[in-house]
Each structure stands twice: as C-alpha cells, then as structure tokens.
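The hints should help you fit chains R, X and F onto chain L, whose structure is shown.
Number of protein chains: 4
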Amino acid sequence: MEKFRFLTSGESHGKCLTAIIEGVPSGLEIDIDFINSELHRRQQGYGRGDRMKLESDTVEITSGVRFGKTIGSPITLSVKNRDFENWQKVMSVSPSDQTDDKAFSVYRPGHADYAGSIKYNQQDLRNILERSSARKTAIEVAVGAVAKLILKQIGITGSSEVTQIGAACCPDKFHQEIDLTREKGDSIGGKFVVIYKNIPVGLGSHVHWDRGIDGRLAQAVMSIPAIKAVEIGDNPLGFCGSEYHDEFEIKDGEICRTSNHAGGIEGGMTNGQDLVISAVMKPIPTMMKSLESIDLKTNQKAQAHYERSDVCAVESCAVVAEARVAWVIANEILLKYGSDSIEELKSRVL
Amino acid sequence: MEKFRFLTSGESHGKCLTAIIEGVPSGLEIDIDFINSELHRRQQGYGRGDRMKLESDTVEITSGVRFGKTIGSPITLSVKNRDFENWQKVMSVSPSDQTDDKAFSVYRPGHADYAGSIKYNQQDLRNILERSSARKTAIEVAVGAVAKLILKQIGITGSSEVTQIGAACCPDKFHQEIDLTREKGDSIGGKFVVIYKNIPVGLGSHVHWDRGIDGRLAQAVMSIPAIKAVEIGDNPLGFCGSEYHDEFEIKDGEICRTSNHAGGIEGGMTNGQDLVISAVMKPIPTMMKSLESIDLKTNQKAQAHYERSDVCAVESCAVVAEARVAWVIANEILLKYGSDSIEELKSRVL
Amino acid sequence: MEKFRFLTSGESHGKCLTAIIEGVPSGLEIDIDFINSELHRRQQGYGRGDRMKLESDTVEITSGVRFGKTIGSPITLSVKNRDFENWQKVMSVSPSDQTDDKAFSVYRPGHADYAGSIKYNQQDLRNILERSSARKTAIEVAVGAVAKLILKQIGITGSSEVTQIGAACCPDKFHQEIDLTREKGDSIGGKFVVIYKNIPVGLGSHVHWDRGIDGRLAQAVMSIPAIKAVEIGDNPLGFCGSEYHDEFEIKDGEICRTSNHAGGIEGGMTNGQDLVISAVMKPIPTMMKSLESIDLKTNQKAQAHYERSDVCAVESCAVVAEARVAWVIANEILLKYGSDSIEELKSRVL
Amino acid sequence: MEKFRFLTSGESHGKCLTAIIEGVPSGLEIDIDFINSELHRRQQGYGRGDRMKLESDTVEITSGVRFGKTIGSPITLSVKNRDFENWQKVMSVSPSDQTDDKAFSVYRPGHADYAGSIKYNQQDLRNILERSSARKTAIEVAVGAVAKLILKQIGITGSSEVTQIGAACCPDKFHQEIDLTREKGDSIGGKFVVIYKNIPVGLGSHVHWDRGIDGRLAQAVMSIPAIKAVEIGDNPLGFCGSEYHDEFEIKDGEICRTSNHAGGIEGGMTNGQDLVISAVMKPIPTMMKSLESIDLKTNQKAQAHYERSDVCAVESCAVVAEARVAWVIANEILLKYGSDSIEELKSRVL
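For the record, the sequence lines run as chains L, R, X and F.
Be aware that the first sequence starts at 409, since it is given in our numbering, and climbs by one per residue.
Be aware that the second sequence starts at 409, since it is given in our numbering, and climbs by one per residue.
Be aware that the third sequence starts at 409, since it is given in our numbering, and climbs by one per residue.
Be aware that the fourth sequence starts at 409, since it is given in our numbering, and climbs by one per residue.
Rather than coming from a laboratory, the hints here were simulated on the basis of the structure.
Warning: the hint list may mix true and false statements.
You can't tell identical chains apart in this list, so a pair holds if it fits in one copy or across any two.
Claimed, not checked - With a straight-line cut-off of 20 Å between C-alpha atoms, the simulated SDA-like cross-links for lysine to any residue are:
#1 Lys592 - Leu645
#2 Lys709 - Gly680
#3 Lys488 - Asn444
#4 Lys705 - Glu657
#5 Lys709 - Ile663
This is chain L alone, in the form it adopts within the complex (with noise of 0.2 Å):
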C-alpha cells in the first residue's frame, strides 16, 4: 500500500473536478493560496488558448483539514469547472437530459478517442475525450500542491523550466516559435526540465525493480498527457564512462561530487544530489490545421473535429510533472520514514 495514495476523477466540462488524498500525517499546516497559485501556474504560459482564462481555478478542501491542519484523514479537494453551467445539459448526470449536441464521432489523430471507444464500448466521443483531457492534469495539480507542502517542511523545493520549443533551444527564440506555429495553424511541442533540491540519501532502492525511484518518477512523468520521452539527468549519449559518471571529491569535510550527470539518482536510489528529471512533449493533437480521419458512424474519411486553441502547452506540461514528481518524492519520504505526524516526520528527517 502507498502511503502517499489518491484517487482523482472529473471531466472536462463537467461540474467539478475532485481528488481524495489519503496518507498525508496529520499537523501539517495547508496553504490554500499556495494551492491556488500553483493552479494558477499551470493555466499561465505563452501559447494557451482561450479557455485558460475563462478558467482561473481555486481549490475547495472539504474534508481532512480543521481549523488549517491535516487531521490524518482523508482530504478531499475540488475545483469547480467555471464554466459548467453551459454545458449543464450536455454533461448530464440525468438519463432524461439525453442530447446528441455536442456528440462526435471523428476520431482526432493523437487522442484517446479511438482506442477509447473501443474499449469502453461507446459510440459518443465525447464519452472519452470528455476524461482524457488535459483538464484532469489541473486537479493533479492540486495534488501535487500537498505534496509539496509536506516536502517544504523538510527542506525540499522544487522547480522546473521550459528548455526547448520545437526546435528551439534557446529562451530568446520560445516565442517567435510558438506564434509562427499559431500563424500556421498548426500546434508544437517541446522540453522541460524538473529540478527537486535538498533530498535526502536513499529514497527508492536498488533491491527490487519496483523501489526504484527512477522507475517510479518515469510512470510519473510519462504518464501525463502528451508526454512521449523522459530522462533522469543527462542524456549519456555521446558520454564516454570515464566522462559521464560523477566522481566523488571531498569539501569543506563534506563528500559531494564533481558533476551531477546522474541527475541524483544511482542505482534506482536519490544520492543526495539535485533530482533532475526531463520530459519531451508532443505538439498539442488539437490544432486548426484538420488531420486526415474516419468518422466511426460511416466508417468514412472525415476531418478530426476542433475543439481547443492551445498553440503550445510545454509551459504548462511543467508544472504539472512537477506537481507528479512530489507526489512520488513526497510517498517515498514516508515510506522510509513512515510518519503519522508532521512532528514525527521533522523529528525523524531532520
């Protein structure tokens, strides 16, 4: 069992998005504008569409937390869907409100959509595309927020950075990039990077493929939506051994190392050092240019359906991975320390 486990659930247009959190120790203060403001993190970046701004969304905690602590139960939080009250009808819970608006059945290249309605047995597309989202990223978000309020009180921050837009490599040019994309109708990807400071030796293990932390951050991290290719540390390609591994040096009576190419991670286990993780993510398959598909209906050729007017969202795509990659920091700190209580934990951390 995890110690750091959660469910989440909610589509896209649909009422409100939720997540229950169990695990968390009790005592531990929780800052509900700092939840918001990483929600807001995540709706920021150049090259988002419209609904980003209709969204500006806050979280709502109704269980778990009293008078501004964890209890040891459950936490329950939700964020409303702002616009729901267009879609009421369309997004009904109710059998007697059903409506064919807003059905489609052109499968969009680069989506769940057909797998989706394959293996759910459904003939509205929405069924899928209303889950498969990238909405549901903003209530993990939320997630990950208390995540990282738990880290904060052991010292661990983390971060991350755009670091390339298509084919982009420098920040200067990540703009210019994404409007010629925007003039051209078409969508891009990109790279980031997620950098976690100040954690302690030994998370994960070497002693059974499923502890290590590597493996852990990649299910984390490739599982996101969009996300085709990750890497802890540095790429070792073109890196000979005697070049890429960190050799160790002592300062100031400290053992520390000369290099981080590692990313802090050897042997499925953090060594101390800055964890570093990269991801790649693919341009947004929503675009204005039309792809080529079949409409399930006809089984015909027919153009994939436009819904959303993101250019890029590699900006946003970063703040998610990062909210991910304190869940699996934050559930591998208490597995190793196996705290109740935030006083325990400081107690056993520090």
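Relative to chain L, chains R, X and F alone:
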C-alpha cells in the same frame, strides 16, 4: 492487485537467483528451451567481458508446472550462479564464515554503493553491490520469457535492436566504437528500441494516471540498471503537430494509420499499432580507467574499485528491456481479459 | 491493482462525505434512487437515536456518469451532512475560525480516541472522533450500492438479516431487548448474517493466501466499526467432519450439495452455493451510562463524554456489511472477467 | 506497496516450497535454528498423521542474508519436501513424464477440488489438491518466523493456545476427544487463540477502512485453510456496553485499562494492550469415513478419495495463525516506522 506479479531475489555471487511468479493462467505450455534461449541472448553481445562466458545460464522450475503445463499455482524459477563454489565462503549465509575477503569500501561513481550503504547502514559495500549488480537481470529475463509465452498464445511477439552505440548511429560502426573504447580502458553506452507486434486495442487507460500503459512501460524500462532515458514512439522534438499525429485511413476496408509516430500508444492506451519503446543506457560505471572517489573507512580520497570487464552491454540491456515490456503487456492483458486458464484467455482475445 | 478501487473521505460533522470509485465498467446504468434507498436502509433500525432522523441521506454524483450511464471514468459520489450549518464554525477548514468549542479530551473506552490521539499527535479528541465515527459508513453504503448495480447485471443479489440482539436469538424478542437496554441507559450489540445468491464458481483462489475470497471478505467485514467477530458459513464448533462437509449429489442432472455449512466457500473460492457471512457487533461504546476514563489534559480520572444516543445499531451495521461484501464480490468479478464495459462483462459471465 | 511483502510457492508433493520476502530491514540477525523450531512446532500436535513424522522440515536460505544478517535485499527461503523422490515422476515438470498415476477425479467435499477444477480448467484434481493442501503453510510459518525475528528486536512476542477441540473446552479432555474421533474414522476441528504482547499504540488506523489492523488480521487468519471464524478479543455477544468496553485507570502513574475485552484493538488501531485474536478451524475434510461425491469424468456418484490421516490439526493451525499475525504486525510496524535498517527501527520505536 496486479495479475502477473512476481518477486525476484539473489545476489550476484550468491548461490542462485530465484523468482516466484503468481497469476499465470493454467494450461500454459512452459517451453524451458525457450526460457534458456532468452537467458542465452542476454549473455551475448559484442563488448561483454569474461564472466558472461562462465555463466551460460539455465533455469530450473520447482513449482507451478506439471507435465509441461502451468496449473495455476505460483511458478518458481531459479538460475544457479555457476561460479558460486569459488564464492561460497565470501557469500556465506552463516555468521561463522564471516571474513573480510572481498570486502570493499571505496564508493564506485555511478553505482548504488554510496546511497545504498547509507540507506542500509552497511560498511562493506559488497552488501550493496551484490544486489545492485546487473546480474539480477538474468532472472528478470526468465520471468519475461514466461510472460512472452503467455503473449505468444495470443499472437503477440516482441524483438529489440540496438540503434546507437556512443556517437555511432550506424550498425556498421558499432563494433569499431566498442573496440576503440576498450583500447582506451573506458566504457560506452547506447540506445536500443523494443518493438511488440499484434497488440490488442485498449491495453492501459486514459481514465486514471496510474492506468496509463505508457507510464507502466516507462517505469519498467527506466528502472533497468543504467537506463537514463525512455521514449515511446518517435521523439516529437522537431515535429509540428500536423506532422507528428498519425492520421487515419481506410485500407482494404480496415481502419489503419499512415504513420506510427506515437509508438502505438495514444491517451495511455494501445491503439493497435506496433508498440515501440526506446531507451538510452549510460556507459557501464565499472571500467579499467579509474575514477576519483572516497574510502568510507578513512573518509579520504581513493580510486574506485575495479571489478568487471564489460565495455558495453547495450545489446544485453535490450534483451532485458524486451523481457520487462513483456511483463507489462502480460499484466495488462490479464487485467483486461482476466483469465484463469489459457483456454479462457484465447477465447476472450481471439 | 484492484479492479474496483475507491477512496472515501469526510468527517462526521464536516461539509460532506465523498467517494471516488475507479474501475467501474462503462455502460452501467446508475440508478440514483437505488443508491438513495440503500442509504435510507442504513438509517433505519430499531434502537437508533435522533440524528438518524435528521440525516435522510441522498447522494450526488459529480463525475463518471453521463445520461444515466457510466462512461469508464472515475465516479464521484457525495453525501451532504445536513446538520453542517450548525457545525460550520467548529469544523472549519480555515485557521482563522479556530475555537475550543466542542473540543474534548476524555478518552471514550471502546473508541479510537486514545490510540488515535497518540498516533496522530492530537490534543483535541474531536480530530479523531470526527473520522472514526460510524458516520463514514454512509458513503461506504453508497459505494456498495454501485457495486450492487454491477452485480445485478449478472444476476447476483444480496440481503442481510439480524440474527441476535444481546442474548436474544429470537426476532420477536429483539425490540424488547433493545427497550430494556435503553431503560438502563446502556447499549447492546448483536449478530447478523449477509447472504449473496447466484455467485459464479471460482471467485478467489487457493493458490496464494491473499487471493482467498474468505480472507478478503473477512477483512471487509471485520474492519467495519464495532465488528469483533466474523464467520463464513456455519461455525464448525460442535460438528465432526462427516457432519460438516457439504456432500455432492446430482439433482435434475445438475451437480449440487446436500447442505451449505461452508457458506459457499471452499479452498478460498466460491463454489456456486450461496455466500453466507455472519458478524458480531459489539455494543455501541457511547451510551448514557458513563464509563471510567482519563482526561488527557490533566492525566486525571474523568467520565467519558456522551455524544450520541443510539442504543443498538445492528440492523444498520448489517446494511453496511452487505455493502462491503458487494465491494469484494464486484472486485473479484472484475478480476476474473476483467471487463471494460458492462456489455463485455455480461458476454463473459452469462 | 506493502513494506513486508512476499510470495510463496510449492506443491504438496513437489520438490520444495519457496518464499521470497522483500522489505526486511538490513542488519537483522537471522537465527535459522529459530525458523526451524517454528517449522517443528507446526508439525507437532496430538491428532496429526504419519506424514508429519516423515517431514521434519528445515529451511534453507539462498539470498538476502550474509554472515548471519540481512543486507536489505530479498530473502529466499526454501523447505524441501523430503518425500519428493517417491513423487518425482508423478509431480514432474517435464511433459515427457506425463502419467495418470495418482490422478483423481472425485471431488472431495470441503476442499478446493470442485471450484478449483472449474476455475483452472483441470481434469486431474491433483493439479488443484497439490497447491490447496495445507502443506503450503510450512513455508508460511518460515516467513512468519522471519517476521517474528523483526518483532523480537523491538520486544514484541507472540504465542498461541488451543482453547477448544470439538465440544471440549477443557484442555484435559482434548486428547480424549481426538481419540474418540479417530476411532470413529472421523475428523474434528476446534478453536485457538493467538496473543501478541508489547505492541506499540497506533498500528493500523481509523482513517480508511483498509488501514484497519483488525481487518488485516482477519484477512490473514480467515484465509488459512480450514478456518471459518475469527474473533478479535472477547466475543461481545451477551455483554452490554457498560460491561464490554475497557475502562481507563491510572496505575503507578501509567494509563492502563481494567480489562481487555477489545483484544487490544479500538477504532482499527492497536491500543497498547495485548493483541488477542481467536479462530475456529473446521474438521479436516479428508477422513477415513467416506463422503458422498461425484466423479467429474463420469458425472456419476462416487466416494470421495482418501489421502491423508490427520484427525485433528488445530494445534498446528494455531502455529500457522501465529505466523500470519506476525506478518501483519511486522508490516504495520514497518509502515509506521518505515525503517531501512534494524538499527534505525530500534531507534524509532524504543
């Protein structure tokens, strides 16, 4: 609870490696020669050292199989360490045999030594090295061979190929690159691709992050010792959206795609195309050239211990990755079709 | 990973109880009236206090269901605490509302107070009581109702019955026993039986201890607040082997049994007979009569706090057990048949 | 992910039983004599048949332990089946040895035969019997002995006692009851209690149903072959609330209780009192007296096969339950204290 679950054990120079697999459907023919041939494939590859020749691994099955077929109960696989007689005393289970022979105390950069010794409170780094060694992947390949036997029954087959060694992307240059590296007393990494064919639509899911098969594959591959990067399908950097996404077409009355950039996964689910996953292996961290390090006994500078003579193990690593991908697919197949016997599985899939 | 998995949350006097269920096949009709009728059943029963009348729980669904049917994505259920407006300040999430109103510090014997306050480092026992309260079983019953809806699709139905109240084994005497207990200001427990019919052969397994459905049922029922004993089938004490075991016979060409002492489970698997599981509930630990205790603030003798007026809740508890047994069976069904849609499930079971 | 996790394997007449345990802290002294003494205890008991005398089980450890101490890596235990040479052909892994010797096809009432053969699609019931046999509890006892070694380090100790055989509740009458049953060619069950002392406060939790230690204990004990009822503490039937709940008092400045009806668990958590769990074992379903059954080959009436000669195994079963309770407690200890080495564990608990 996973459907195809297992634990592995064994030290590099211990008596044997063992695995128990639980959840394999009954009635599956277990072809021991096939398992052994997979073990053999793992031991091949240009650039491996002498120990590989010693080993020539073979598997013994001690439970779960009767008259050549599984009976539903857990399967025990074991692979002897052929050199054990020379290590019996050094690796003895018994306290009375305790010795300092083969103890070592200089952290090897790039290995689990440093973090592992702190985490597990060990002074003799052999107590970490013995399990962190890639030797344990032998039994993982045996487990993967069992998974492949399940997959074969429903027509799914896998293979792998080395695509880069160091800077060389052309297979003709791989041996040369390795030879040059050996001459320098150095080591070298590379990249490989694993491909599985004939995958049903709808393994994994978009509905919850931890059901995504992309994340599960990434975990399984990234946690292989020495892997630092994982990609699913083509790396999207440099593609714009209209180029990257795999358009639909109808060919001979069947829905198909004009490309497979996505590597067979959209929305965290298999889409019926070939599953394509690549990974980058770092150079082996043990090499003739010594690296700067620290002796944990003296806290003084020291040269990292040299134990093994492989220059390059990318080919072997690809075989390990093939095995691990087989685990993930087999588990997903059994989650989706949920079968207790192989006959039941076939009737549901085919 | 379990197939029917969920988390629940919510404090007894918080805003609401919530559950997220993940893994329900798509295409399942969600009959909200049925869920509400199960919630209603839980609130009935001779011996309950006044709060029950206040509550009259109803469920709201905010995700996972569209036009009356599941779509494969996680389902969110919530049940409001009707009395919340009176508790808003006492149960506030916000630090600025902090108050000592309703704080208490005398451990109640038979409750989680003592262990919980130590484990979670809490001085106000309300922070334990609010979650340990049986109030949380309301949302569990809602989750069970969803499980029952799955089971109904394949013809499986459940019911429960109180079989003993205190020393009274005859239903005619139950009300009398409860009335006498109320007069004394005391509380009383009892025993009930849960029966599910039309169970397929082979849920659970003999091959590994944690696959046994008997163990999983026992966990689900024993962890209901106040349950102290669980039996599957008839208690074997007093039977010898030749009397206890259920012999086979052929009736109308079908294999059947001459008895069902085993309660439908042999070797950790369902055998096609009715599933029969009984449990014993302890007397409610909050009662008019006070119990000797300690005040954690003073470490001095004190009388345990009195909060609630139920005398006997065995009938309600049976409804909770029915719900939990439904979870276990639904999970086993989905593990065995592994279906993504209800159509697929029906085609595999029937 | 559980902290103390393991898989077991092995058929009753196969080569050996095996277990791999993953998650044991490093630095734990493994006393093989203690493990063997636990295996011996399991084989004792008035009422057992001759096979027990044959067996005299001893454990071999092939991984995870060096010089008498654990090193953090998975531990492999194996117990040989001493009679294997006589069964080699019948239980051969190889297809070429296939034989009908020892095949059988008459379902034994009370066993896994019927459900197992349908679930796993087997015609030879030996393929079910070999794993459903209680023989597999030998390796479970070995796993439990390792768990006990962890517990001993922090002062936790366990024991068990038979409290009823058939109708006899007085130990003086147990042998007589067994002798009478043997004379009748019948079998008999009974009841036992397992007690663990010196348990820390706060194992398990009230915050989510599946964290309750009562449920986890019930699962572990109810899934022992032949167990049909489990109780924690005193069965509350016949007590009213004011009698049952364990009042607090202060003695020598320490908080303690005036009774332990709750068996050391309130609100799903340990409360620092002795952990008390009882279970009822059904009569062994294989006995001299034959039972009415069906032959699956002919679908005709037949007499159930007789394989084994135990009359009563309640004493042995109590030893198995002790072992399983040790698993659960060890897992909870490691979840709560989360330690990687035994030194770390001791520093956190003591």
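Check your understanding: Honestly, which of those hints from before does the structure not fit?
Key -> No hint contradicted; all consistent.
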